[in-house]
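Engineer: Okay, here's what each chain looks like letter by letter:
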Amino acid sequence: MNSLDDLRATLDAHASDLDAEAGAGVGRAASVRGRVHVVRRRRRAAAAGASAAVLAAVGALTLLPTGSERAIAPATVVGVRVPTTMTALGFGYDLAEGIDGKDGKVSVELAASDSPRLVSWATSGPDRGVVVRSAEAETPVPYRVDDFGDYVYVPAGSGGQVTVRADEGDPGLAIYTLGEARPEGYSKGGVTYRRSGAVGELAGAVVGEPGQVDVSFDAAAAPAGAEGVRFALFCVDGPADAFLELEVGGKAVSSLGTSCDGPLDPDGSAGVVTSFRIKPGRDLSARVYATDGYEGPLLQDDDLVLGVAAYTTDSYVTDVGSEESRALVVENGGHRWERIDTVRLGSVEGGERTVTSTVPDVDGPVLAIVQTRVSGPTAVEFGEGGTFVGSDRGNGRATGVVAPGEVISVTRRNGEFVPGDEKVVSYYVHAGR
Amino acid sequence: MGETPDFDEFVAARSGALLRTSYLLTHDHGLAEDLLQTSLTKAWFAWGRIADSPEAYVRKVLFNTYATWWRRKWNGEHATDELPEAGSGDLTEASGEGIDLWSAMERLPRRQRAVVVLRYFEDLTETQTAEILGCSVGTVKSQCSKALAKLRIDPALATETRRPSATDPASRKDAS
Chain E
1 MNSLDDLRAT LDAHASDLDA EAGAGVGRAA SVRGRVHVVR RRRRAAAAGA
51 SAAVLAAVGA LTLLPTGSER AIAPATVVGV RVPTTMTALG FGYDLAEGID
101 GKDGKVSVEL AASDSPRLVS WATSGPDRGV VVRSAEAETP VPYRVDDFGD
151 YVYVPAGSGG QVTVRADEGD PGLAIYTLGE ARPEGYSKGG VTYRRSGAVG
201 ELAGAVVGEP GQVDVSFDAA AAPAGAEGVR FALFCVDGPA DAFLELEVGG
251 KAVSSLGTSC DGPLDPDGSA GVVTSFRIKP GRDLSARVYA TDGYEGPLLQ
301 DDDLVLGVAA YTTDSYVTDV GSEESRALVV ENGGHRWERI DTVRLGSVEG
351 GERTVTSTVP DVDGPVLAIV QTRVSGPTAV EFGEGGTFVG SDRGNGRATG
401 VVAPGEVISV TRRNGEFVPG DEKVVSYYVH AGR
Chain V
434 MGETPDFDEF VAARSGALLR TSYLLTHDHG LAEDLLQTSL TKAWFAWGRI
484 ADSPEAYVRK VLFNTYATWW RRKWNGEHAT DELPEAGSGD LTEASGEGID
534 LWSAMERLPR RQRAVVVLRY FEDLTETQTA EILGCSVGTV KSQCSKALAK
584 LRIDPALATE TRRPSATDPA SRKDAS
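Chain order of the listed sequences is E and V.
Its first residue numbered 1, the first sequence is counted upward by one per residue in the working numbering.
Its first residue numbered 434, the second sequence is counted upward by one per residue in the working numbering.
Just so you know, these hints were derived from the structure itself, not from any lab.
Since the model is a prediction, treat every value here as computed from it, not as a measurement.
Among the hints, a few may not be true.
What the hints assert, rightly or not - Restraint ranges, calculated between C-beta atoms of paired labels, are given here: (1) E:188 to V:570: 54 to 60 Å; (2) V:442 to E:298: 19 to 25 Å; (3) E:227 to V:572: 42 to 48 Å; (4) E:5 to V:575: 29 to 35 Å; (5) V:570 to E:104: 29 to 35 Å; (6) E:94 to V:567: 24 to 30 Å; (7) V:484 to E:216: 15 to 21 Å.
To be verified - Simulated pairs of lysine to aspartate or glutamate, DMTMM-like, Cα-Cα distance not exceeding 25 Å: (8) V:579 to V:533; (9) V:579 to E:12; (10) E:279 to E:349; (11) V:493 to E:109; (12) V:579 to E:214.
Stated by the list, open to error - Covered by chain V, according to a simulated footprint, are these stretches of chain E (three or more residues, beta-carbon under 8 Å): (13) 5-13; (14) 210-217.
Backbone N, C-alpha and C fix where the C-beta goes; we use that ideal spot for every residue, glycine too.
Start from the sequences and build out the full structure, keeping to the hints where you can.
Structural biologist: Have a look at this one:
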């Protein structure tokens with residue numbers, strides 16, 4: 001049994017270990033000023049966008065026909081016919097409204113919604129070049145795609161501004177809301193665990209009834225060739241602080257602190273994912289139950305909905321320095337991405353404090369996945385003013401969507417990288433581009 | 434951007450201590466720095482009305498930002514090397530005696546961890562803790578009790594003395 005003195009001593013010891021003064025002077029203040037600059041810029045953009053949205057509502061909003069009329073009276077924006085449906089990762093989306101832009105720009109402020117949405121665009125002229133600013137990426141992103149050839153994904157629970165500027169002519173926007181079409185797989189309660197995808201091949205799944213805080217499924221043994229398994233868990237309509245306990249084959253394997261008060265994502269595999277290496281023949285039957293805190297009692301909640309699925313994968317490599325560790329195809333933020341390059345940052349001898357990589361010059365957004373195995377605290381930054389992502393010693397993984405030409409930096413916070421430190425960035429573009 | 438010398442002085446003087454608090458909450462150097470800078474950025478925009486007592490404001494923002502953070506970008510896939518076979522030791526079971534308190538804290542829900550840090554590192558009273566977290570004293574008591582139980586701490590083994598803290602009014606005056 002510990003005492004409060006033990007607790008105080010533990011807190012004091014770990015607080016003292018921290019090199020807290022390392023950035024306390026000009027460096028930290030400068031970093032905060034940089035963040036202030038970014039916030040101000042976004043606020044200005046939001047204010048401008050709100051004005052544009054008001055203008056659009058007054059004069060240029062294209063109110064689209066609803067129901068059966070939609071099919072016989074297709075709408076247009078900036079003279080371009082708007083598709084009535086779009087698909088993202090197998091989920092269908094229906095056209096909700098269109099907005100004509102003017103003076104080379106169109107913008108919309110989306111209120112937060114419980115369901116995901118897509119925003120796509122077209123241009124009035126032959127030049128397809130646009131720059132899209134949205135919360136999906138850290139920085140404005142140039143695109144050059146056919147009209148309505150790509151989209152910005154606005155996840156469930158989110159809103160925000162989407163602005164499109166055309167290189168020539170005027171752009172128009174189309175907003176799509178989640179429809180009825182679902183990919184093949186296991187569906188229940190508005191959630192679908194897809195049969196297959198970048199996450200792997202579905203081996204088993206279950207979604208409980210509201211109030212069922214303990215769910216399980218029986219699955220076939222892992223097939224020959226399977227080297228890894230991913231368990232995708234979700235919970236909704238529950239408390240902000242819950243723990244999900246995962247058992248596989250009757251064995252407790254993972255305890256995940258999570259929040260169950262967020263919106264329902266229709267893609268079950270977009271929830272919390274925990275993965276393991278396996279051997280063929282392994283029993284993948286799984287059980288998940290929710291507790292009130294770690295090792296706490298079962299949650300009592302009449303509304304809570306739990307789900308879990310197992311996906312097998314044909315490879316599983318955790319070594320950061322291994323080529324096989326970086327998947328050729330990944331899913332992130334409602335998009336499927338294909339890897340175009342992998343770069344090892346810095347020298348194997350170490351000695352640097354900051355190592356950088358310039359994002360490849362392509363049309364469209366680039367997903368950067370930075371993997372590290374380092375000897376001390378490390379920070380990753382995605383572009384100017386981009387998200388700061390921290391990693392302590394050991395393995396780390398950070399992701400960001402950025403524009404071509406931006407710089408990814410990885411910095412050892414209070415020292416230099418040493419021999420053996422691994423810093424690898426993989427770049428991905430939208431699949432099919 | 435306008436000059437805000439007091440803000441810079443505050444950052445230089447107090448952000449080290451605030452970072453330590455942030456680290457005790459996040460258990461990660463990078464996240465601690467991010468949480469602190471996020472809180473300082475919010476304070477920058479409110480500086481005109483909080484400059485007389487900025488630390489209390491920043492501390493409140495810091496704890497509430499931490500308590501409401503959910504699945505930011507650093508929460509990626511949890512990769513584990515090997516799926517334990519049935520019959521092997523339970524990897525998730527914590528020992529009942531003399532457990533590693535630092536590791537055990539990582540398993541506390543965010544609000545309980547915040548209460549522990551405020552009560553036993555910042556040495557705030559239950560009333561002060563409730564004020565910062567924007568909840569009732571009763572909630573602080575219940576959250577603290579649950580946290581101590583999970584940490585296998587016997588409140589009877591507590592010492593009642595409080596340490597001087599940077600958040601005590603007298604110390605705060607010295608710090609600003």
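Engineer: Each hint: holds or not?
Structural biologist: Here is how each hint holds up against the structure:
no.	hint	verdict
1	E:188 to V:570: 54 to 60 Å	violated, 43 Å
2	V:442 to E:298: 19 to 25 Å	violated, 51 Å
3	E:227 to V:572: 42 to 48 Å	holds, 47 Å
4	E:5 to V:575: 29 to 35 Å	violated, 23 Å
5	V:570 to E:104: 29 to 35 Å	violated, 57 Å
6	E:94 to V:567: 24 to 30 Å	violated, 40 Å
7	V:484 to E:216: 15 to 21 Å	violated, 56 Å
8	V:579 to V:533	holds, 17 Å
9	V:579 to E:12	holds, 22 Å
10	E:279 to E:349	violated, 36 Å
11	V:493 to E:109	violated, 30 Å
12	V:579 to E:214	holds, 22 Å
13	5-13	holds (count 7)
14	210-217	violated (count 0)
Consistency with the previously given hints fails for numbers 1, 2, 4, 5, 6, 7, 10, 11 and 14, ordered from lowest to highest.
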